[in-house]
Amino acid sequence: MSGVWVLGERREQTLELLNAGLGLARELGTTVTAFAIQDQGLAKTYIECGADTVYLLGSLAPEQPLEDYVPVIVDVARQKNPDIFLISATPRGKEMAARIAARLGVGLGSECTRLRLDENKSLVMERLMFGGAAVQTVVCLTRPQMATIPPRTFEPAVPLANREGEIIELPAPPAGKVRVLERKPRVQESVDITEARVVVAIGRGVEKQEDIELIQELANVAGGELGCTRPIAEELHWLPENRYLGISGQKIKPDLYIGVGVSGQIQHISGIRDAKVICAINKDENAPIFEAADYGIVGDLYAVVPQLTRELQRVLKK
Amino acid sequence: MGEDKFTAIIIGAGPAGSTAAYLLAREGLDVLLIEKGASPGSKNMFGGRMYSHALQQIMPDFWEEAPVERPVVREVITFITEDRSLSITCQDESWSRPPYHSFTLLRAEFDAWLAAKAEEAGAVLAYGIRVDGLLMEKGRVAGVRAGTDEMLADVVIAADGVNSIIAQQAGLRKELEPCQVATGAKEVIALPPETISQRFQVSGNGGVAQLFVGSCTKGMPGGGFLYTNKNTISLGVVVNAAALQQNQYRPVDLVEDFKAHPHIAPLIEGGEVVEYSAHLVPEAGLHMMPQLYGDGILVVGDAAGFVLNLGYQVRGMDLAIASGAAAARTIKEAKSKGDFSRQSLSCYQEYLKESFVLRDMEAYKNAPAFLENKRLFSAYPQLATSLASKMFTVDGNQPVHLLGKIIDQLKTNQVGWFQLACDAWKGGRVL
Amino acid sequence: MPRIITCYKWVKDEADIKVDTSSRQLTLDRVGYKISDYDRNAIEEAVRMQEQHGGSVIAVTVGPPSAKQSLKDALSRGPEEAYFINDPSFAELEPAQTAAILAAVIKGRLEYDLIICGEGSSDLYAQQVGPRLAELLGIPCATYVNKLALEGTRINVERKLDDGIEKISLPLPALVTVLPDINTPRLPGLKQVLAAGKKPVHNIGLKDLGLTCEVTLNTTGILAATMERRRLRFGAGNEDIRKVVDALLKEGVIA
Ligand SMILES: Cc1cc2nc3c(=O)[nH]c(=O)nc-3n(C[C@H](O)[C@H](O)[C@H](O)COP(=O)(O)OP(=O)(O)OC[C@H]3O[C@@H](n4cnc5c(N)ncnc54)[C@H](O)[C@@H]3O)c2cc1C
Ligand SMILES: Cc1cc2nc3c(=O)[nH]c(=O)nc-3n(C[C@H](O)[C@H](O)[C@H](O)COP(=O)(O)OP(=O)(O)OC[C@H]3O[C@@H](n4cnc5c(N)ncnc54)[C@H](O)[C@@H]3O)c2cc1C
Ligand SMILES: Nc1ncnc2c1ncn2[C@@H]1O[C@H](COP(=O)(O)O)[C@@H](O)[C@H]1O
Chain A
1 MSGVWVLGER REQTLELLNA GLGLARELGT TVTAFAIQDQ GLAKTYIECG
51 ADTVYLLGSL APEQPLEDYV PVIVDVARQK NPDIFLISAT PRGKEMAARI
101 AARLGVGLGS ECTRLRLDEN KSLVMERLMF GGAAVQTVVC LTRPQMATIP
151 PRTFEPAVPL ANREGEIIEL PAPPAGKVRV LERKPRVQES VDITEARVVV
201 AIGRGVEKQE DIELIQELAN VAGGELGCTR PIAEELHWLP ENRYLGISGQ
251 KIKPDLYIGV GVSGQIQHIS GIRDAKVICA INKDENAPIF EAADYGIVGD
301 LYAVVPQLTR ELQRVLKK
Chain B
1001 MGEDKFTAII IGAGPAGSTA AYLLAREGLD VLLIEKGASP GSKNMFGGRM
1051 YSHALQQIMP DFWEEAPVER PVVREVITFI TEDRSLSITC QDESWSRPPY
1101 HSFTLLRAEF DAWLAAKAEE AGAVLAYGIR VDGLLMEKGR VAGVRAGTDE
1151 MLADVVIAAD GVNSIIAQQA GLRKELEPCQ VATGAKEVIA LPPETISQRF
1201 QVSGNGGVAQ LFVGSCTKGM PGGGFLYTNK NTISLGVVVN AAALQQNQYR
1251 PVDLVEDFKA HPHIAPLIEG GEVVEYSAHL VPEAGLHMMP QLYGDGILVV
1301 GDAAGFVLNL GYQVRGMDLA IASGAAAART IKEAKSKGDF SRQSLSCYQE
1351 YLKESFVLRD MEAYKNAPAF LENKRLFSAY PQLATSLASK MFTVDGNQPV
1401 HLLGKIIDQL KTNQVGWFQL ACDAWKGGRV L
Chain C
2001 MPRIITCYKW VKDEADIKVD TSSRQLTLDR VGYKISDYDR NAIEEAVRMQ
2051 EQHGGSVIAV TVGPPSAKQS LKDALSRGPE EAYFINDPSF AELEPAQTAA
2101 ILAAVIKGRL EYDLIICGEG SSDLYAQQVG PRLAELLGIP CATYVNKLAL
2151 EGTRINVERK LDDGIEKISL PLPALVTVLP DINTPRLPGL KQVLAAGKKP
2201 VHNIGLKDLG LTCEVTLNTT GILAATMERR RLRFGAGNED IRKVVDALLK
2251 EGVIA
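Chains as they are written, first to last, in the working numbering: chain A, 1 to 318; chain B, 1001 to 1431; chain C, 2001 to 2255.
Do not take every clue at face value.
[Stated by the list, open to error] DMTMM-like cross-link-like pairs, simulated, lysine to aspartate or glutamate; straight-line CA separation at most 20 Å:
1) C/K2191 / B/D1132
2) C/K2250 / C/E2228
3) C/K2191 / B/D1030
4) C/K2198 / B/D1004
5) B/K1332 / B/E1354
6) C/K2198 / B/E1119
7) B/K1365 / B/D1423
8) C/K2160 / A/E27
[Unchecked claim] To give an idea of the interface, some chain A residues facing chain C are shown, with a C-beta separation under 8 Å as derived from the structure:
9) T45
10) T90
11) G109
12) T113
13) R116
14) L117
15) K121
16) G131
17) G132
18) R143
19) G176
20) P185
21) F290
22) E291
23) D294
FYI, nobody ran anything at the bench for these hints, they're computed from the structure. Virtual Cβ for every residue (Gly too), placed ideally from N, Cα, C.
Work out the full structure, taking the sequences as your base and the hints as a guide.
As structure tokens, this is what we get:
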């Protein structure tokens, strides 16, 4: 057995997994191995931050997708038999993890948000199911025990003093069948909704894109950022995709969440579960969001939002 | 069957529609049963108990395979005020044996089962499809329209429930008025089966049906109900829609208050609400009955207003089933004559009279008017409960004879002797 | 002309799940079932591709015998036949098992150019079955796809990833998993529902597969994700809005 392995698509994710892996390795009395993608400097950083071994994955040709690493990773995993293999749950990470698990013939816990070891030193993983209505606890019966972990689930590992480790270079993967034609990077947004203290989320109850103005005013007065439900971002494209909250979107922990015209399906609620106070405006008294809210206002958002904005302006003297 | 033509298209897979479809399919006719719900029964609700006799006629010993909950072995009527109640209980051991008198059941499962029986018998079942309107041809109904699709039929059965858009479109009835319907709201509360049997003091799988008159409707015409299922309790209120509108009560709140009543709360304590639903009940009886047939169309069940709400009895399912059966019989004969005209379909009304449907509707035709009497829902429950309470109270005060107590109570409740006598006389005649 | 297979799952409708807050137990006995949300997009995409290029569409599902109810719904959405792989033991399969069963059926019996799966199932949302199936069949795959175009013997797709869009090209046969924004699934009409009743369904049992589905993942518990909230209700009147704002001030969440 060769300890705990971690694979992140990018630096921050690898560091987060390293942190989680170090904890597990300590308890198991074993080592931690990380993968670094193409970059010697990253490999060194991972060693400084706790990795005992780093596999340096060779360069990809421009038209090769990241997933071409799968056979290379599977080969080392077959040789070395890791105990635990954690992979970051980015879209590419999730695909790679599933394919690695399939090739190794092992189980995989998807998007695990908690990890611990049980009395047999088996990895116990917690993940959401039924859109976030339930927490499923799973244990792998095969080795390696594999899990994908959403970004930002753990704090990143920090550099430690006097670290030494081994860097092992892996061969560049041969070209697979898939060819990359084009990569269009996402325009990075300046605001990070996960940092906002107040988030006002819009749902499909908002009729027209112009009406977002109205909600923006409320957010401004309350000192918050705009968030939204998945259809607003993915189907209507009214707000960028990293503004939608929920099980497949952002998970936020603000002081205050205000849902405006949001029905409150469980998949959305899963992303705002940890808000300190939840407030909801919906005209349907049976909307599920009222079950999840501290303060529920039953009414038409076009009447309620301006009133609420005015009242906040008054008391906050803005 | 041509690609796009059926002998009969039945709109709505409630008990009325599914029964008709089942019987027609069994006779080998081409029938199409269309249901708008995502699955048959998925959104249907009722109070909680079906009288068995109608279905027993069609499918003997249906309980052996139907998803029924408990056979009702005890009937209870309770007059209820804020702090008192007076119950009349009737228990009959024969109700707990075949042919069981009535069963509690849950509609989602029951309706799905009955629709599946129709499908098994050969009916084509299409669910998740709402019929938007009728196809007319030379003044007669010739088929249905759902979205952009059209489908022809010799005859259409409107089994689409209380709001029957179809019967309205065919010009057989007008839009409902609030005073003709009641709003029912109900919760299903989960409890372990043993707890239910214990709390209601029944052995084994015996069920209880309990109706309430009085404060549960805040004096509005209507009542409360409670039925015990296997591992749930169905509980709720039915209130006249016009009164509800006038008094601005929300049905949910009435159910909440009812549940919190000190005589109800202990019965459901520790239970988990697993379902909430609301639905309309036609309750004007014969006075809201539409024309039951037209050229190429028949109206059955709630769509025809076949519900009897007598305060101590709520019946709709058995009437729906029997009217579905009468419609099937009518169509079978029309098919053999090859004539689906109004004239040919008119024997539907005869068959309804022969069965108990129109006979019972006729017998209770004055009940709805009587039940509009507000005294029934506030003054009389007050009177009855306080009288009973006086009767049972021993507090060291001077004893008063029964008659004296009655007089006393009539005075405090501001009900005149004459009124009481009149109401009692009327009630005795119409109920 | 592409021969397309689309895989869908019949799942419990999570909106019907009730929870006992004290014990965190889920009440599942009264839930409705549905075709997993994103699998409707998968079926729709397959049918659209067929409408555009011809070929055929087969719907495949693995589940307990009760999932039979799903067939009419699935077929009314356009595929011309269905493979229903069922066994009472298929009620709670893990992704590895589902993929193994699908692979066994597809390898032995079906010819195909393209397999379309959903992004993830609405119940487990493991997002594994698609890529696992591709590996077992030894074909290339593309996940998180929001645009598909058939180009001769290849398929060009757009993947939506967290750092941007990636356009890739795959030789057929291939597997893709699609995102919900790839299309809006049609609502089947009466004629489609009626036609669905006449389409062939191939029933395949566990015995016919000659496969033992080894368990690799053990579910040791499923508990409700609870949330304690006050659930206070207010109306839209001025007075009520003021009360809410006062409360928010007192909570110290606005300043
Ligand atoms: C596997 C899976 C993952 C998913 N992940 C996510 C996720 O991460 N995040 C997410 O958000 N969703 C997610 N979804 C989708 C989710 O199930 C819901 O469909 C979505 O959250 C609903 O968005 P909504 O509330 O904006 O729209 P709707 O459900 O359409 O609700 C609109 C609401 O607005 C109200 N309304 C309308 N007009 C007014 C008015 N004038 N005034 C006040 N109220 C009004 C209505 O009463 C209604 O309640 C996922 C679904 C699946 C199957
Ligand atoms: C609160 C309440 C308590 C009751 N308690 C009792 C009781 O204890 N005992 C009793 O016997 N009766 C009771 N009833 C009455 C009983 O529920 C009805 O009489 C009975 O359901 C009538 O059956 P039906 O088939 O005519 O109509 P429904 O059961 O209403 O069925 C109509 C069907 O048509 C479908 N439909 C409607 N429109 C369309 C369309 N355009 N296209 C396709 N499909 C359509 C609906 O989805 C539905 O499935 C109660 C009713 C209520 C509301
Ligand atoms: N039981 C099943 N039968 C057929 N296809 C399935 C089944 N389970 C999952 N799939 C397919 O695999 C995708 C991903 O599922 P999952 O890995 O469970 O998130 C789904 O969107 C379906 O396309």
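Taking the hints in turn, this is what the structure says about them:
1. C/K2191 / B/D1132: holds (14 Å)
2. C/K2250 / C/E2228: holds (19 Å)
3. C/K2191 / B/D1030: At roughly 16 Å apart (the allowed maximum being 20 Å), B/D1030 and C/K2191 satisfy the hint.
4. C/K2198 / B/D1004: This hinted pair holds, its Cα atoms lying about 14 Å apart.
5. B/K1332 / B/E1354: Within the cut-off at roughly 17 Å; holds.
6. C/K2198 / B/E1119: Given that 20 Å is the threshold and the Cα spacing comes to 14 Å, the pair holds.
7. B/K1365 / B/D1423: holds (16 Å)
8. C/K2160 / A/E27: Answer violated: C/K2160 to A/E27 is near 38 Å, above 20 Å.
9. T45: Since the shortest Cβ distance to chain C is 20 Å, the answer is violated.
10. T90: holds (5 Å)
11. G109: Constraint on A/G109 satisfied, holds at 7 Å.
12. T113: Result: violated, 10 Å to nearest chain C Cβ.
13. R116: Since chain C brings no Cβ nearer than about 12 Å to A/R116, farther than 8 Å, the hint is violated.
14. L117: violated (13 Å)
15. K121: violated (15 Å)
16. G131: holds (4 Å)
17. G132: holds (6 Å)
18. R143: violated (10 Å)
19. G176: holds (7 Å)
20. P185: Because about 4 Å separates A/P185 from the closest Cβ in chain C, which is inside the 8 Å limit, the hint holds.
21. F290: With a closest approach of 7 Å, the A/F290 hint holds.
22. E291: Status holds, d = 7 Å.
23. D294: holds (4 Å)
Consistency note: the structure conflicts with the earlier hints numbered 8, 9, 12, 13, 14, 15 and 18.
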